[in-house]
Structures are given as C-alpha cells and as structure tokens.
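So the protein lines, in turn, are chains A and B. Here the numbering used here is used: the first residue of the first sequence is -17, the next is one more, and so on. Here the numbering used here is used: the first residue of the second sequence is 21, the next is one more, and so on.
One or more hints might be untrue.
[To be verified] No farther apart than 27 Å at their CA atoms in a straight line, the calculated lysine-lysine pairs in the DSSO-like style are these:
| no. | chain 1 | residue 1 | chain 2 | residue 2 |
| --- | --- | --- | --- | --- |
| 1 | A | -1 | B | 88 |
| 2 | A | -1 | A | 337 |
| 3 | B | 60 | A | 735 |
| 4 | B | 60 | B | 114 |
| 5 | B | 114 | A | 21 |
| 6 | A | 21 | A | 4 |
| 7 | B | 114 | A | 4 |
| 8 | B | 114 | A | 46 |
| 9 | A | 74 | B | 60 |
| 10 | A | 74 | A | 512 |
Just so you know, these hints were derived from the structure itself, not from any lab.
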Amino acid sequence: MSILQNIASGLRALFGKKRRDKELDEELHGFLELAVEEKMQHGMNRPDALRAVRLEQGTLALAKEAVRSASWESFLETCWQDVRLAARTLRKNPGLAAAVVFTLALGIGANTSIFTLMDRVMLKPLPVAKPAQLYRLGDNNNCCVMTGPQNGGSFVLYSYPLYEALRDHTPEFSQLVAFSSHLQDLSVRRGGDSAAARPYKGEFVSGNYFEMLGIAASAGRTLAAKDDTAGAAPVAVMSDHTWQTHFGGDPSVIGAAFTINTVPYIVVGVTPPQFYGDTLRSDPPDFWLPLSAHPERWLFGPEPEWLYLIGRLRADVSPAQVQAKLTGELQQWLWATGYPEATPEQRNDKALVEKYRQEINRQHIRLTPAAGGVNQIQTEYTAGLRLLVTLSGLLLLIACANIANLLLAHGSANRLQTAVRLALGAPRRRVIQQMLTESVLLALAGGAAGLYVAHTGTQAILLLAFRGARYIPIDARPSLPVLGFALALSLATAIVFGIAPAWVASRSDPADTLRGAGRSTSDPSSVLQKSLVIVQVAFSIALLIGAGLLTQSLRHLEDQHFGFLTDGRLIVNVAPGLDGYTPDKLDGLYQRLEETLTRIPDVISASLSWYSPLDGNNANERVYIQGKPPDYRWSAPSWDRVGPHYFQTIGTRLLRGRAIDERDVPGAPNVAVINETFASRFFPNEDPIGQRFGMGDESHSGDYEIVGIVEDAKYQDTRGPAYATSFLPLLQTPPGEPVRGWVGAIELHVAGKPENLEPAVRKAIAGVDPNLTVLNIMSFGEQVARHFNQERLIARLTELFGALALVLACVGLYGVTAYAVARRTNEIGIRMALGADRSNVLGLVLRGTLSQIGLGLAIGIPAALAGGRVLASQLYGVNSYDPVILGLAAALLAACAILAASLPARSAARVDPVVALRFE
Amino acid sequence: MADKSSELVQGTLDMLILKTLALEPMHGYGIAVRLEQMSKGVFRLNAGSLFVAIQRLQRDGLIKGEWKPTENNRRAKYYALTDQGRKRLSSETKEWGRQVAAITRILEAS
C-alpha cells in the first residue's frame, strides 16, 4: 500500500514538477519568514535576523536540493539531465560522435550478422513439432546411390527393404521416415498448360514423412501413408514458396492436375511457409512426392542404398540403447541378405567367410540428434563460420580499442571542464555517471546503426555463400536473442570502454588541472592510449595477413590450370529422361541437338556429355585391364560419357591418338579416351593406345579399346590432382547390353559473351523439341565460380574485415597522434623557440608513432604466423608463412599508419612558436 | 552552532515529528519550534533535514498536508497524522520504550 502511494506521489512529483517546486519554495519561504519574525520579536532588526536565520539554516537552495535529492524520482531527473547534457556535448563534437558510432556500427554489425548466421544456420532447429525428439540414422552426408558396406562402417544410406525392416522392428521410434538423399530434377507442367515444362526440385519421401515431422498443410493436405502404396494415384505436395512465387498463391492449384516428369500427379496441398524440408539448403524442394511414385523401380531392390532415415524417438527410451539395437538389426540384415548370394564354393572358403563376417561386424549405425535435420551446410560451413566468428571478434576488439581511445581523448579534452565541476563540489560519482551516460548514448546509437549494418551484411553474406541460388530459406533478420546479444554487446562495449576514460578523468586533481591546464607533458591516459594503438596494430596486421593468404589461395584456386577452358563456354543442363524419352530415341535427339546448336551464329562448336566438369557430378567404377590381374590398390577411376567434339568444345587438349567423334556410334567398335593419370597409373611402362579395358568385372576387360589420351582435367576436386578418368562415347555399351547413355549437359564454345547467347540457345532447343526442359543454363565460368562459393565468401569477408581493421587502426593512430600534438603544442613551441627546426618536430612526433607501429608489428606478425597454422589446411598454393604476403601486409599497414600519423605531425611542424607559447 | 539533529538515531526524527503532530496539525516551522521547545533546546532542526523527513512521512502515508491560513494570515502547509501515522506512532513509541529500558538495564548492570 505505502509503496504504491510512494510510487504514485513520486510520479505525481515527476510530472507536476513545476507545481511541486513552487510549493516547496513557498513552504521553505514561509519557514524562513516565520524564523525571521520570531527573531525580530526577540528584538533583532530585520537584516540581522535574516543573517542569523541563514547561518542557522543554510541557504534556501541547499535545503531545496536536500529535499529533492532525497526522493527516488530525483535519480531519474538527474539521468535525464545527464542525457540532455550528453546529447549537447556530443552535438558539439560531431566528429567524435560520428567516429564512435561508425566504429561501433562496424564492430557490432559484423558480429551481429555473423551471429545471426550462426543462430539461423547452426542453432535453429527445423520448424517442425518437437524437433529435439528427432534422430537421424547415420552421421555423415554420403550421397546418392551406394551398394554394400559404407564409409568406415558408419551406415547412412539405406536400401528400401532395409528401411522397411528397421521401421517395422524398431518400435522405439514412434515414426521412422525415409527420403531420397539428393533432390531430383523435375520437369513440371500444370495440366492444360500449353507452355513448355519448367524445371523444379523434388524430394521423394515415405508416406509418413509429414506425420512424423508434425507438419500440417497450410492449404489442402500433406502426404499420407496411403499415398505411398503401390498402385496409389500419384499425388504431390507443393512448397509455400513455390506456390507463392510461381503460382501466385492461386488456391485452384490445390487439387489441380500436374504433369511431373511425364507422369500425371494431383497436387493435394501446400506446406506451411516456414517449412523447407529435412535439410537446410539453398533451393529446397518445390515438391514432395511419395516414394511409391519414384520412376526408377530398380532403386527399390535390396542392393541400392540411397535413402536417408530420420525417426522420432519415444520419450522413454535411451538413444544409446536404440543405437545398439539398430546396429544389431543392420548386421543381421546384411548377413541375411548377403550370405545367401554366395556360391557354395565361397561358403566353404572359411577364410573368405571369416573376412565377410568381420566386414559385417564393422558396419554400424550412429544415432545422431537431428533437431536441425540433415546437417549439410552446417557441416560444410563449420570451419568457415568458426573462422568468421574469430575474425569478427578480432574486429570488435579493434573497434573497442578505438572507442576506448576516442573516449579517452575526449575525456582528456574535457579535463578542464571536469576539473571545474569537481572544484565546485560535484561528487566524483556524478562526474563518472555523466561521462558514462555519454558512452551509453553513443552505444545505443552505434548499436542501432550496427543492426542496420548487420541486416545488410547478413543478406550480402547469404548471397555470396549461395551464389546462384534462386531461393535461400534463411531469414536474414536478426532473431530476438541475437538482438539482445547486439544490445548487450554494445552496452557492454560502451560501459567497459567508457569507464576507464571516465575514471581517469574523475581521478585528476582539479587543482593541478586548473593550475597548469594544457601545460603538462606527462599524461596518465597517454600510456593507455598508446597501448591500445599497439594492440590495434597487432590485430590489424594479423587480419591483413589472413586476408592476404586467403585471397592469394582463392586466386590460385580459380586461376589454376583445370585442364579445360572456361572463356566463351556455355553449359546447358537437360534431362531427356524426365521428358519422356526412351533410350531408342536418344540417338536421333543427340544428333539433332548437335546440328541445330552448331548452326546458331557465334557458336564455334557444340557437344553433349553425361556431366560436365565441376557441375557436382562424378561417377566412378572399378576398371579391369585386359591381360592384367585386377589391381585393387587404386580407388575406382572416374568415367564420363561424351559426344563428338567434346574435348575441343571444353578446351581440353588431346595429347595422343584421337578424340571421340561421329564414328563412335552404337554398333561401331567400342572405344574410349583416357586421361594422363589413367594412362600413367594403369600403363606405366607401355603404350595405352590399342589396349582394352572395361568395368563391372573381369569378364568385361575387353569392352573398350583405348584410342586417345587427353590432358588431365579436374572434374570434382579442385585442390587435389585430377582423378584418373576414362571417357566413353555417348551411346556405346558393352556387347550384348541395350543402348543407353543419358546426357545431362550440353557444352557450347561460342564467340563473345556466353550469357548473350542464352535466348538463342533456348530457342534452338525448343526448336528441336519444345518438351525438352532446360534445367539450367549458365556460363562455364559461372559454374566453376560457384564451386568456390565458400572460399570466396571467406576470402572476401576476411578482406573486408582486414580493410576495416586497417581503417580503424589508422583512425586510432590519427586520433592519438593528433591528441598528443594538441597537448604538446606548448612544449613544441618551447622546443622551436630553443632552436628545433621543423624536421626535428616532425621526427619528434613520428618517432612515437613509429615505435607504436613497430611494437604492434612485433606482436602481430608472430601471432599471425601462429594463427596461420590453423589456416594452413584451408590454403591452396600458398604457405601460411608466405614472406611476400607478410611483407606486403606489413608495408601496407606501416604506410597507412605513417600517413595517418603524419597529418597531425605536419600540423605540429607548422606550429608558430610565438602562438604556441601564448597558448593558455 | 552544531546541528543537533544529526546526532539523532536514524528513524527517531520521524517518530518525534509524528509525536509533535499527534497533539494538533502543524506547519513545518511550527514542528521545528515545538521540537526544540519540547527537547528544551537539545534538538534543533534545519529546514533541509526537516523537509526531507516530512516528504518521507508524506510518501509513506503517515501524515498528510493541507494549505491553511496561519494566525497572522499567511498561507502555510499544515501537516496532520493519518490513521496509519497514529498507529505507527503508538507502535514505535512502545518499541522505543522497550529498547530504552533494555539499554538502561545494560548500562546499569555493571
């Protein structure tokens, strides 16, 4: 009750301040008047009485102040006064305010955007029901289709029958779902739409997928178990993003007929807007389709392993127990399916059976928490993000040093004012509070500006990281915790780095300051300032060296000789299989495509292949050389199917023999071209031309005759050497096998900018077959560039951070030097009057600066070398101790720093001794 | 002249003001004068301490003020005890008595 009353009267007092002041005045006046009257009644005259009362009671103002400061609302009042005073002070020093806000905005902005990414990418769970209950069966991201035992025994890809077995025998999962490990290209056309089909991405999922995730449709319904049964009418679920961007949120889409990869589907519903599937990635699925609708039925046999599994674990079971049980089930299953296939001979071979048993005993399932779904970009970007967190932290430290420095200088400049306030009786606490108010005000402004920097920064980083993505399901807006983090960070920065200057300022003896203002040569804060500059220089040189190393590494990666040429090359991705082509029609399609595309003006040559270099695809299979025992020492070599003119179109040099050309059709002798590594690995001391090899098993060793050798080219890994690779004609198959050979890529060598040809190419392809969907079209250079998205992101950000660090260090150095010069004007005047010339003065000022730079470098370079060891694994073609980069970074920093310091130094040298000596 | 009120035990001043107001409502100067008279000149209050205490008592709802004309026709704010204030005075008086008796016993014990 009384607290409420207290607050109420406090608020009344606060808002009715004028009236209350007047009342208090009147009351105190009355009090004094009565005291005076009483004294006069005792015989004093009025002036004497007045003096006596004043002596007894103190002045009216003091009494008023005592009453006012005794109440809590007066604290708010002084705060408000401080804020207004701080705003006034800052308005009078716009340079200081701008520098601090700018510095803070950069420091806070960089950290907030990196933390937003961390939060969104690393920490945020899937937007599904109770994500903490989700567990994934497996701990790596092996992709696509495998057979037999997996990587080091840790299972992650499952065959469909194995999925069924695990699902039915593991009741510890309330639901266990399966989905394809990679997204499928879809060629989609809305029923009754006459336009060409459009490319989309699809994911095949088990019927219980949405039920397990707890995702209800935002319109229509999601997939149900009955949709994923043999003979069920094909249905699909569309993502909200696709619905909104491609179909304008048209409600008639739900229930409408769509043709997907030539099969009629009904779209039964749309997922909620925040849902992006089981994996955080750019361009998530546009459609979810039931596994039973998958066109490639061979995938459903016991051999191909191509599904990822995620389950919802019951609350009452322990993951460790379930993991052990799953491993048992897996081994049992492998034994049960693998062993019956063995021949009686193999079964009698005890050593072989024992080896097989050991192999199976190595296979196991790691049950990993899957609240974030399949960790794909999380795994890819962990190292990069960790580096960025470190770098942005360094940048923040540099920014903090700058702010501390600026505030120190500001505090020293205001020393006279502070001294006057202290001399007039202001308590030290109030002086510190006042200076801290300024810092907090600056912090809030800096923090707000930082949020803006963070938002734009996050968007820019996402665009850099996912170059070429049509849609990134990551929200660039900072989340509430991140906002809180930014606010706390800016306040902490301001308070921690504002307290030292405030303390220094409030500690100075007012008498000393007032007596010798501006005359002293020693300054308690200058040691602190110089140390801060040294720290800044050290951090900056470390960042600059890091930036130099990463940039050089990226340049080496991008400018290396890949074994093909990207200039003037265009890549078009198609998938005739999706558009209803059967193998017998391929030959005609390929011939027409080549003819038509070559006729486009400016096209120098055109060719087709299964996949093109660095488009993410890679096929490898063990090879058997005719007349040689199988050689298991090497990992299986890669292979590709290519059409005529392929090597000349992508700019790979033919070294010997001939390339694949128009002769190499089905029925003609089967030929192959190999690369240098293939040649030297399998034919170290003989001529490969004329030799034969094949794939599958030893009976195929005579399938293909080697007719040519091409230079090595990198198709998958850009850092290591090229893989041993063989190239087969598009449609040649081993004798007795049906003709097949799907193309996925069309390569064009053109004159001029490749992008300019895109419309003509699209038109030409539509001319061949309007139903052939162009999945993708981009320059070869762009395809290669996207391969380096992560390296580029890290390099660019490090460069940016390095540049910012350099700017901040220079601003800091400039500030400290300018401040020192201002303080020493008097001293400089005396020196000049005593005979020092301008170069002496210049030297005097710069000597200090040079020693700070030198010390900073001496600390920073060894630190950078130590840190470079961590970077070494990410570098390509450059050593972490590269002397040129080290030297250049040091020279750049020294040059900028000396430039920054020489501005105030020159103004010091121009000091007129007469003026300087008169200066206060 | 020393300000005797500073020697008052914390909280005692409030009790004394309540006591002076228990007889009849009074303005600030009146309170000071009456306190001085009743203590035979031991407690002399300056305006600052007095009005800080008055503000505190008012905030706590123990007294309330009202502007009224004085005997010589000037305006002054007269303070009066509230019911709450009356209760507080009696409880504090009792407590004070207990404490003084205890202290006295201790001091006379030797």
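Hint check:
For the proposed pair residue -1 of chain A and residue 88 of chain B, the alpha carbon gap of about 22 Å is at most 27 Å, so the pair holds. Restraint check for residue -1 of chain A and residue 337 of chain A: the C-alpha separation of about 92 Å exceeds 27 Å, so the hint is violated. Restraint check: the Cα-Cα separation between residue 60 of chain B and residue 735 of chain A comes to about 107 Å, which exceeds 27 Å; the hinted pair is violated. This hinted pair checks out: residue 60 of chain B and residue 114 of chain B have alpha carbons roughly 23 Å apart, not beyond 27 Å.
The hinted pair formed by residue 114 of chain B and residue 21 of chain A fails the criterion: a straight-line CA distance of about 37 Å is larger than 27 Å. Between residue 21 of chain A and residue 4 of chain A the CA atoms are separated by roughly 26 Å; this keeps the pair inside 27 Å, and the hint holds. At roughly 38 Å between alpha-carbon atoms, residue 114 of chain B and residue 4 of chain A are farther apart than 27 Å, so this suggested pair is violated. Taking the CA atoms of residue 114 of chain B and residue 46 of chain A, the gap is about 34 Å. The hint is violated against a cut of 27 Å.
Between the alpha carbons of residue 74 of chain A and residue 60 of chain B the distance comes to roughly 58 Å, so the proposed pair goes past 27 Å and is violated. Simply put, residue 74 of chain A and residue 512 of chain A have alpha-carbon atoms about 26 Å apart, close enough for the 27 Å limit, and the pair holds.
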